[in-house]
Amino acid sequence: MAHAAPHHDYHLVNPSPWPLVSSAAVTIMMIGAVVWMKGLVSADAEGLAVLLAKGDKALFFAGLAGVLVSMFGWWADVIKESRAGDHTPVVSLGLRYGMVLFIASEVMFFAAFFWMFFDMTLFADSRTLIPEVGTWADTAAAWSTWPPAGVEVLDPWHLPLLNTVTLLLSGCTVTWAHHALQVGNRKEAKIGLALTVVLGVFFTCVQVYEYYHILHEDLFFNDAAINSGLYGSIFFMATGFHGFHVLIGTIFLIVCLLRLLAGQMSPEKHFGFEAAAWYWHFVDVVWLFLFAFVYVVFG
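With this note's numbering, the residue at position 29 of the sequence shown is 29, and numbering never jumps.
Treat the hints as calculated values from the structure; they're not laboratory data.
Here are the simulated lysine to any residue pairs, SDA-like style, with alpha carbons at most 20 Å apart:
hint	residue 1	residue 2
1	38	28
2	80	13
3	190	269
4	57	215
Quick list of the computed label-pair ranges, beta carbon to beta carbon:
hint	residue 1	residue 2	range
5	215	108	27 to 33 Å
6	258	19	21 to 27 Å
7	162	101	31 to 37 Å
8	97	150	44 to 50 Å
9	27	236	18 to 24 Å
10	266	97	21 to 27 Å
Virtual Cβ for every residue (Gly too), placed ideally from N, Cα, C.
Produce the entire structure from the sequences given, and follow the hints as far as they go.
Structure (structure tokens):
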């Protein structure tokens with residue numbers, strides 16, 4: 001017997017392979033990143049046996065390919081649902097709530113990284129000096145010894161400032177594109193969005209160059225500085241996780257640009273673009289905090 005047509009405004013999605021496929025791909029990619037950087041060994045009765053050698057990139061790029069395929073397939077399915085009329089006003093409201101909650105969860109990720117950074121910045125020494133609660137004098141002393149002596153920090157007014165200006169400018173261009181689309185000016189929307197994508201790619205290229213300089217010159221990881229590895233780990237975790245978000249946001253915006261070029265989206269129906277703009281502004285704001293505290297105040 002045929003199923004009756006639904007008499008509600010909600011959309012029940014069809015079974016999808018993408019959540020499982022993307023989870024497996026991300027797991028493979030992360031294990032591949034560990035293999036690439038550290039290698040994979042197994043302990044047995046005769047000692048350590050190397051399973052995958054350090055520097056082997058194959059597993060990482062296999063996982064990355066799976067992630068990209070999952071992103072393409074999942075986004076394509078959502079776009080098809082939208083164009084089929086499944087995104088009713090109720091569903092669209094749910095999508096907005098979902099995006100807001102997703103960004104809120106991302107805020108908690110970065111809050112954890114900042115918590116870790118400030119904990120080591122303010123209380124690294126006072127925890128060892130006083131077993132209970134440190135005083136303000138100990139806190140002030142901890143400020144003066146962070147970054148650890150011997151660590152050569154980056155000049156915040158060179159590459160970090162360039163990336164700050166780049167992201168701030170990209171926030172302006174994506175807002176320009178969004179407003180242009182809202183009033184039906186598709187030409188300016190395409191130009192603004194294309195400029196945002198270019199600025200996002202430029203930010204990533206500058207950060208890659210900055211990382212290469214840090215690692216090639218052994219600025220953060222050296223034997224002359226106590227806790228230099230801790231400082232370097234916190235720096236790369238916070239800025240690298242943000243850089244990953246910039247990369248994902250750039251891909252998000254590229255998808256929106258391709259849809260605009262294909263004649264999709266309208267002033268009344270363009271939540272995909274709106275969600276991408278929200279995400280991009282979130283990335284901008286997080287970078288301002290990173291620049292202010294990681295590079296300038298405690299640099």
